[in-house]
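First to last, the protein sequences are chains A and B.
The numbering of the first sequence is the working numbering, which starts it at 1 and goes up by one.
The numbering of the second sequence is the working numbering, which starts it at 1001 and goes up by one.
Watch out, some of these pointers could steer you wrong.
Unchecked claim - To spell it out: a stretch of chain A is covered by chain B in this simulated footprint if at least three of its residues, at any positions, have a beta carbon under 8 Å from a beta carbon of chain B; those stretches are:
#, stretch
1, 19-25
2, 29-43
3, 148-160
4, 213-221
Unchecked claim - Derived contacts from chain B toward chain A, CB cut-off under 10 Å, selection only:
#, residue
5, Ala-1050
6, Arg-1051
7, Ala-1076
8, Asp-1077
9, Pro-1081
10, His-1083
11, Glu-1086
Said to hold, decoys possible - Here are the computed lysine to aspartate or glutamate pairs in the EDC-like style, where the Cα-Cα straight-line distance is at most 20 Å:
#, chain 1, residue 1, chain 2, residue 2
12, A, Lys-57, A, Glu-47
13, A, Lys-220, B, Glu-1085
14, A, Lys-220, A, Glu-179
15, A, Lys-132, A, Asp-143
16, A, Lys-220, B, Glu-1086
Hints are computed from structural coordinates only; laboratory data are not their basis.
Ideal Cβ positions, reconstructed from N, Cα and C, are used throughout, including at glycine.
Here are the chains, one letter per residue:
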Amino acid sequence: MIRVAAVGDIHLGPDSRGTLRPSFETLPDCADLLLLAGDLTRHGTPEEAEVVAAEIKDLGVPVVAVLGNHDHHDDHPDEVTAILREAGAHVLEGESVVLTCGDTKVGVAGTKGFGGGFVGRCAGEFGEPVMKEFVAYSRRRADGLREALQELAGQDCDVRVALTHFSPVPDTLAGEPLEIYPFLGSYLLAEAIDTAGADLAVHGHAHAGTEHGMTTGGVKVRNVAQPVIGRAFHVYHLRPQEGAGSAAGAASASFPAG
Amino acid sequence: MSAHDAPAEPLDYRVARLGETLAGGPLGELGVRLEVRGGAVLVEGTVPSARCRDDVCGLVRGELADVPVHCDILVADASAPDHAEEVS
Chain A
1 MIRVAAVGDI HLGPDSRGTL RPSFETLPDC ADLLLLAGDL TRHGTPEEAE
51 VVAAEIKDLG VPVVAVLGNH DHHDDHPDEV TAILREAGAH VLEGESVVLT
101 CGDTKVGVAG TKGFGGGFVG RCAGEFGEPV MKEFVAYSRR RADGLREALQ
151 ELAGQDCDVR VALTHFSPVP DTLAGEPLEI YPFLGSYLLA EAIDTAGADL
201 AVHGHAHAGT EHGMTTGGVK VRNVAQPVIG RAFHVYHLRP QEGAGSAAGA
251 ASASFPAG
Chain B
1001 MSAHDAPAEP LDYRVARLGE TLAGGPLGEL GVRLEVRGGA VLVEGTVPSA
1051 RCRDDVCGLV RGELADVPVH CDILVADASA PDHAEEVS
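Turn these sequences into a full structure, and let the hints guide you.
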């Protein structure tokens, strides 16, 4: 069994320094790794990133993160990423990491993702350049996630997790105004997850949403935005499926590509 | 009101602009929802700290000084969970 702790949207700033650290220090007792699903800062400033770094440094469990839209607001995402990496976090954007926890290999693939909406109610790559770029940007993020998950499929992972900030499904947005769904996620992320396969998808971003959802392909989705889970983090126990650890087993939840 | 007095700006436009200020201004707060309820404004959501809650409520009350404002903002719970979910 692998114990995955996760939280997103912690929105730390100088006035919230030390808020999460006491709870995070309990992680070695209850989890094998911590996933951070973006919006770790309020404005994406290096000063705020340093606050996050102090919360997560030397926790005793590996930390894997993606950035969120707030972490881009100050236009210094590379600096934010570097500060988090300096604190020991694996920060993913179209990338993956394999962690060995006991005798279990866990693969995490991550991207911030982006919006665009969901099947039948989504933006198209059509019209003005800014509209085409909006959708193309979302597609590039989803492509990065798919490639990162496919990379993990060849690495004998017992469990694969997709980590995003934006939501792959509308299920976990329930509670948000319908009108803003296209700004909260994209079906392209779910398509990438279902194509490449995963055992769990974790995201944040939708503060007024709900925790539980599922992709069309049957991958469980959890919205771990802190306002949704109402705790410093939630913990999910995953049991490797029979035959997992091979590419065929790990891909059991996937759709055929194309 | 004389014929030359500007009409009062509709409340919904003022609230929309205030929402932009909350998001794009120093607070960077996208997680708070402002809703016009009758002649009042309801402010709800979850923020990371008590100071953030007070800043948001203070800003809204200051900008909408002539309107009843009901603040129902929660501060995120930073406690550790007491159970895990078995995902099977």
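Checked hints:
no., hint, in the structure
1, 19-25, "holds (count 4)"
2, 29-43, "holds (count 3)"
3, 148-160, "violated (count 0)"
4, 213-221, "violated (count 1)"
5, Ala-1050, "holds, 9 Å"
6, Arg-1051, "holds, 5 Å"
7, Ala-1076, "holds, 5 Å"
8, Asp-1077, "holds, 5 Å"
9, Pro-1081, "holds, 5 Å"
10, His-1083, "holds, 8 Å"
11, Glu-1086, "holds, 5 Å"
12, A:Lys-57 <-> A:Glu-47, "holds, 15 Å"
13, A:Lys-220 <-> B:Glu-1085, "holds, 12 Å"
14, A:Lys-220 <-> A:Glu-179, "violated, 24 Å"
15, A:Lys-132 <-> A:Asp-143, "holds, 16 Å"
16, A:Lys-220 <-> B:Glu-1086, "holds, 12 Å"
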